[in-house]
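Protein sequences, first through last, are from chains A and B.
Under my numbering, read the first sequence as residues 1 to 397, first letter to last.
Under my numbering, read the second sequence as residues 1001 to 1397, first letter to last.
Where hints are given, some of them may not hold.
Reference excerpt, derived from the structure (chain B facing chain A, CB under 7 Å, subset only) [what the hints assert, rightly or not]:
1. Ala1061
2. Ser1133
3. Tyr1317
4. His1319
5. Asn1382
6. Gly1397
Treat the hints as calculated values from the structure; they're not laboratory data.
Treat the numbers as computed from the prediction; the structure is a model and nothing was measured.
We treat Cβ as the ideally placed atom computed from N, Cα and C, and that holds for glycine.
2 protein chains.
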Amino acid sequence: MPRFSTSVSALRSSAIRELMSLASRPDIISFAGGMPGNELFPVEEVEELFRHLDPKAKRAAFQYGPTPGLPSLLESLGGFLERKGLPVKKNRLMITTGSQQALNILAKAFVDPGDRVLTEYPCFIGAIAAFRSCGAEIVSIPVDEEGIDIGLLEAESIRTDPAKFLYVTPYFHNPAGMLYSTDRKRQLIATLQGKDIPLIEDDAYGDLWFSEEHLDRLKPIKAIDPEGIDVCYTGSFSKILGPGLRLGWLLAPEPIFEKCELIKQSADACSPSFTQVIADAFIRSGKIEPYIASVRQEYQRRATCMSEALRRHLPGYVHWNEPKGGFYIWLTLPEGTDASTILKRAIEGGAVFVIGSTFDPQGTRNNAMRLSYCNNSPEEINRGVPIIADAIRSICG
Amino acid sequence: MPRFSTSVSALRSSAIRELMSLASRPDIISFAGGMPGNELFPVEEVEELFRHLDPKAKRAAFQYGPTPGLPSLLESLGGFLERKGLPVKKNRLMITTGSQQALNILAKAFVDPGDRVLTEYPCFIGAIAAFRSCGAEIVSIPVDEEGIDIGLLEAESIRTDPAKFLYVTPYFHNPAGMLYSTDRKRQLIATLQGKDIPLIEDDAYGDLWFSEEHLDRLKPIKAIDPEGIDVCYTGSFSKILGPGLRLGWLLAPEPIFEKCELIKQSADACSPSFTQVIADAFIRSGKIEPYIASVRQEYQRRATCMSEALRRHLPGYVHWNEPKGGFYIWLTLPEGTDASTILKRAIEGGAVFVIGSTFDPQGTRNNAMRLSYCNNSPEEINRGVPIIADAIRSICG
């Protein structure tokens, strides 16, 4: 009799772990990680805020809290989300242990082993792992520079056994970097309306825009609040305060929220009160908006530096888009290229990135690669990009 | 087609939530919670420790960490566990988001829907929820004042379709309060040896003993390290630092650890670095041992006060054991009593507790109730116990 469960055998050890150990070597320039730069965290502000909390709030930081989150944070975060136009009062808000947990909970709420779910290709690896851990059969629909392929989505959405949900990351996509166009969002909404396929809208990077001209494209589908689609909106403090706090959120219609609350109760009882108290103080102090503005500017500086370096060094047959926000640039290589061979060369040269197949739910398509600029100085970027470009040339000519 | 998954429909909203809202009313004395007293948390010590961390450690507190935990905490916690005699080096240690997450991960590693797992009766509600969320069929084996019923365990363990694991909480059981005898542990080990049924040993309360004479009984089965049983040992900072940090641990053999690491990756990527940095500093500063000694003393004071009050006020037909440690006293009422009716009366009188059926995986047996003394002053205990005793008399005569 097999000892372990079926669902765990569907989980694969990702190559990311190995990359991360390479990435910590001082002689290697890493464009692999998806973490904010350590030097950008608001350490002193948070320490100061904690010091001035009243003793009751400090003690509450050590105590269990309600499963959906500390009431004070639900209120302050609710206000933060309402200022983005999100329909907080028409839905229920839950604090999760990172938005990774929100994806895991949603998968558990909807998916029985063998059920189909729809994602984009490429797709955030955390989502692939969460969906697979529930035994989902993942059907991935390609994106272009404006969003998901609507024709393919339409074909999937009219099947007689509808998928359990569609998962998308429309705002500075991980790993594709792309921002959905307003038109593509409109088409996506029209395709799903009345189809009984809930939408999971992952907005972990939306605050990190580089130009106000894109604010319109950044309006969440959840904020558009379309009739006839259950939108489950997820977000995170990871990119706007610090991933080490492990705080994300889920905004969902009441019936879905109720199931998710039971699942969260059985998963970890509640998210850390300690960091919830901190996040609450960070929002209430008014420090979050200027902090976001400052990291936005810093990531834009790094992004600009990387795109300039790519323009200078990459061969013309590599396709990529100028980043409009977020952390990533996605390079598409000539059809048939195996990015693993390029990675091997790049490591020899002293730089790492993540290969495309990591973000493919089928794990096969590999003529692409993700470069992060979020955690590198301009100097590192300027040293690292030529190494990547040389590695590409050495394989693709 | 049903919208939600099968596993979520197995989860039930527990009555605990409603009780907790009652428990927060100032006019009600609550013996319902399982949380440490707010006034006992080492708030100033932790603030002081954080202030003196070097800037690098502070920044790391905001960053993602490795899935199994921050290396520095794995090292310091490993030392803490080795001082209890646990075979840390022969196993792998993982930091989890509370020990609730460790139970959830283990269930996910072993259980496919419909698989049998063995627990005690009564059983920790968090474990019931975690196991049920994976579709487990829970078979619960009664405990007496020395531990689990060995005859019934033996009968279950020789079935041709062995259960996926046995879950026990031998040290100041939640809710039964009881501490396993050394003999019963020996019998449990002999029963499981060579049976291919892993043991999950939950030791969330073991540090909270009231007398050194019990130290021998407190030696974990994991520390005895019996041949031929895979012991997965779980523990928690919740009772020895603060549940709001959401930090627990799992010590398990390598092959089980590997599966658990993949599951944790898909669950929440990593536990909060912020609170891991704090727990690490708390251990390394040497402050954890004196802190544990001080709360031990305080809980003993509360326990003594409650047992004296129970002796004074309870009718002779109510059975219970003098607590030797931990948070709880379990009252067994005459056969056929429905504790719900007693709870109703007690609430009218101004006191709450948790009814026995909450801790029954089958949700039926209800001639018992759990009283917590962990979060009450002696004055509250002395006011509350007579209310409980009156409620019992009004129903049972």
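Checked hints:
1. Ala1061: Hint on Ala1061(B): holds, closest Cβ of chain A at ~5 Å, below 7 Å.
2. Ser1133: holds (4 Å)
3. Tyr1317: Tyr1317(B) check fails; min Cβ-Cβ to chain A is 34 Å, beyond 7 Å.
4. His1319: With Cβ-Cβ at 30 Å, over 7 Å, it is violated.
5. Asn1382: Nearest chain A Cβ about 24 Å off; hint violated.
6. Gly1397: Where the cut-off is 7 Å and the nearest Cβ of chain A is about 37 Å from Gly1397(B), the hint is violated.
Violated hints, in rising order: 3, 4, 5 and 6; the structure is consistent with all others.
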